[in-house]
Amino acid sequence: MNDTRQVAKGLIGKLLVREYDGRRLSGIIVEVEAYRGFDDTASHAHKGLTERCKVMFGDAGHVYVYLTYGVHFMLNLVTEKKYFPSAVLVRAIEPKEGVEDMFKNRNVEVKYDLTNGPGKLTKALNIKKNLNGKSITSRKSLWVEKIDISKDFIIESAPRIGIDYAEERSRNQKWRFFIKGNKYVSK
DNA sequence: GTGAGGATGCACT
DNA sequence: GTGCATCCTCACG
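Per the working numbering, the very first residue in the first sequence carries number 1133; after that it's consecutive.
Among the hints, erroneous ones may be present.
Here are the computed lysine-lysine pairs in the BS3-like style, where the Cα-Cα straight-line distance is at most 30 angstroms [claimed, not checked]:
1. K1283 with K1319
2. K1141 with K1261
3. K1306 with K1236
4. K1312 with K1179
5. K1266 with K1278
6. K1283 with K1261
7. K1236 with K1278
8. K1214 with K1243
9. K1213 with K1236
10. K1236 with K1214
11. K1141 with K1213
12. K1243 with K1261
13. K1179 with K1243
14. K1312 with K1186
15. K1146 with K1243
16. K1179 with K1214
17. K1278 with K1243
18. K1278 with K1228
19. K1228 with K1179
20. K1319 with K1236
21. K1228 with K1266
22. K1315 with K1213
23. K1255 with K1272
24. K1214 with K1272
25. K1228 with K1141
26. K1312 with K1236
27. K1243 with K1213
Quick list of the computed label-pair ranges, beta carbon to beta carbon [what the hints assert, rightly or not]:
28. R1301 with F1235: 27 to 33 angstroms
29. F1235 with R1184: 30 to 36 angstroms
30. K1243 with T1173: 33 to 39 angstroms
31. K1186 with I1293: 21 to 27 angstroms
32. K1214 with E1288: 27 to 33 angstroms
33. R1156 with D1135: 27 to 33 angstroms
34. F1189 with K1278: 23 to 29 angstroms
None of these hints come from the bench; they were simulated from the model.
As the structure is a computational prediction, the values presented were derived from the model and not from experiment.
C-beta: ideal position from N, C-alpha, C; glycine also.
Could you put the whole structure together from the sequences, leaning on the hints where they help?
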């Protein structure tokens, strides 16, 4: 299970845990996207190693956080071997623990608007640039846990979102994975 | 040093 | 469906 696409699928249904100020917030991962290798023109890494995306070239199990549109942070988990730039973008989670804190971090009325998008979940979980490059294996600040949830869900795959700038062969890859019918999947 | 544009979200029409 | 906020990073000079 080293391939980013397998890792991406494997993350579906796992618990993403965020800890800060002594609080524990968490949610079940319901939607992810895989970004893989130099040939993936949708990936930040396809132009080579830059200051921004260098974390993707590092060891698996690290966190890649960056700002997009000057507004939103994106959360990625680095995968595969060193120098083979790959990561899984976490696009949506289903809130579990610390829901009250998430409401404080986000200015929304309803629970299903809390974390149903990549920029939304980082805000709900207070994930910022300072987590960039951190490891998830140390289980501090941010990590992933296995939980006992019903295996009773279907993982659907589809093309990735918001990558119109990429070449067609990359755009057509069905590297977006999500739980079919889950209402926390992004729109 | 400067300019272009983005792995989105939200408020409008 | 369209427009725009908002700022960091990259590429080029």
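Hints versus structure:
{"no.": "1", "hint": "K1283 with K1319", "result": "24 angstroms, holds"}
{"no.": "2", "hint": "K1141 with K1261", "result": "25 angstroms, holds"}
{"no.": "3", "hint": "K1306 with K1236", "result": "35 angstroms, violated"}
{"no.": "4", "hint": "K1312 with K1179", "result": "33 angstroms, violated"}
{"no.": "5", "hint": "K1266 with K1278", "result": "20 angstroms, holds"}
{"no.": "6", "hint": "K1283 with K1261", "result": "33 angstroms, violated"}
{"no.": "7", "hint": "K1236 with K1278", "result": "26 angstroms, holds"}
{"no.": "8", "hint": "K1214 with K1243", "result": "38 angstroms, violated"}
{"no.": "9", "hint": "K1213 with K1236", "result": "38 angstroms, violated"}
{"no.": "10", "hint": "K1236 with K1214", "result": "38 angstroms, violated"}
{"no.": "11", "hint": "K1141 with K1213", "result": "18 angstroms, holds"}
{"no.": "12", "hint": "K1243 with K1261", "result": "25 angstroms, holds"}
{"no.": "13", "hint": "K1179 with K1243", "result": "38 angstroms, violated"}
{"no.": "14", "hint": "K1312 with K1186", "result": "33 angstroms, violated"}
{"no.": "15", "hint": "K1146 with K1243", "result": "19 angstroms, holds"}
{"no.": "16", "hint": "K1179 with K1214", "result": "17 angstroms, holds"}
{"no.": "17", "hint": "K1278 with K1243", "result": "23 angstroms, holds"}
{"no.": "18", "hint": "K1278 with K1228", "result": "13 angstroms, holds"}
{"no.": "19", "hint": "K1228 with K1179", "result": "38 angstroms, violated"}
{"no.": "20", "hint": "K1319 with K1236", "result": "23 angstroms, holds"}
{"no.": "21", "hint": "K1228 with K1266", "result": "23 angstroms, holds"}
{"no.": "22", "hint": "K1315 with K1213", "result": "34 angstroms, violated"}
{"no.": "23", "hint": "K1255 with K1272", "result": "18 angstroms, holds"}
{"no.": "24", "hint": "K1214 with K1272", "result": "22 angstroms, holds"}
{"no.": "25", "hint": "K1228 with K1141", "result": "20 angstroms, holds"}
{"no.": "26", "hint": "K1312 with K1236", "result": "29 angstroms, holds"}
{"no.": "27", "hint": "K1243 with K1213", "result": "37 angstroms, violated"}
{"no.": "28", "hint": "R1301 with F1235: 27 to 33 angstroms", "result": "42 angstroms, violated"}
{"no.": "29", "hint": "F1235 with R1184: 30 to 36 angstroms", "result": "31 angstroms, holds"}
{"no.": "30", "hint": "K1243 with T1173: 33 to 39 angstroms", "result": "36 angstroms, holds"}
{"no.": "31", "hint": "K1186 with I1293: 21 to 27 angstroms", "result": "24 angstroms, holds"}
{"no.": "32", "hint": "K1214 with E1288: 27 to 33 angstroms", "result": "31 angstroms, holds"}
{"no.": "33", "hint": "R1156 with D1135: 27 to 33 angstroms", "result": "31 angstroms, holds"}
{"no.": "34", "hint": "F1189 with K1278: 23 to 29 angstroms", "result": "28 angstroms, holds"}
Violated hints, listed in ascending order, are 3, 4, 6, 8, 9, 10, 13, 14, 19, 22, 27, 28; each of the other numbered hints is respected by the structure.
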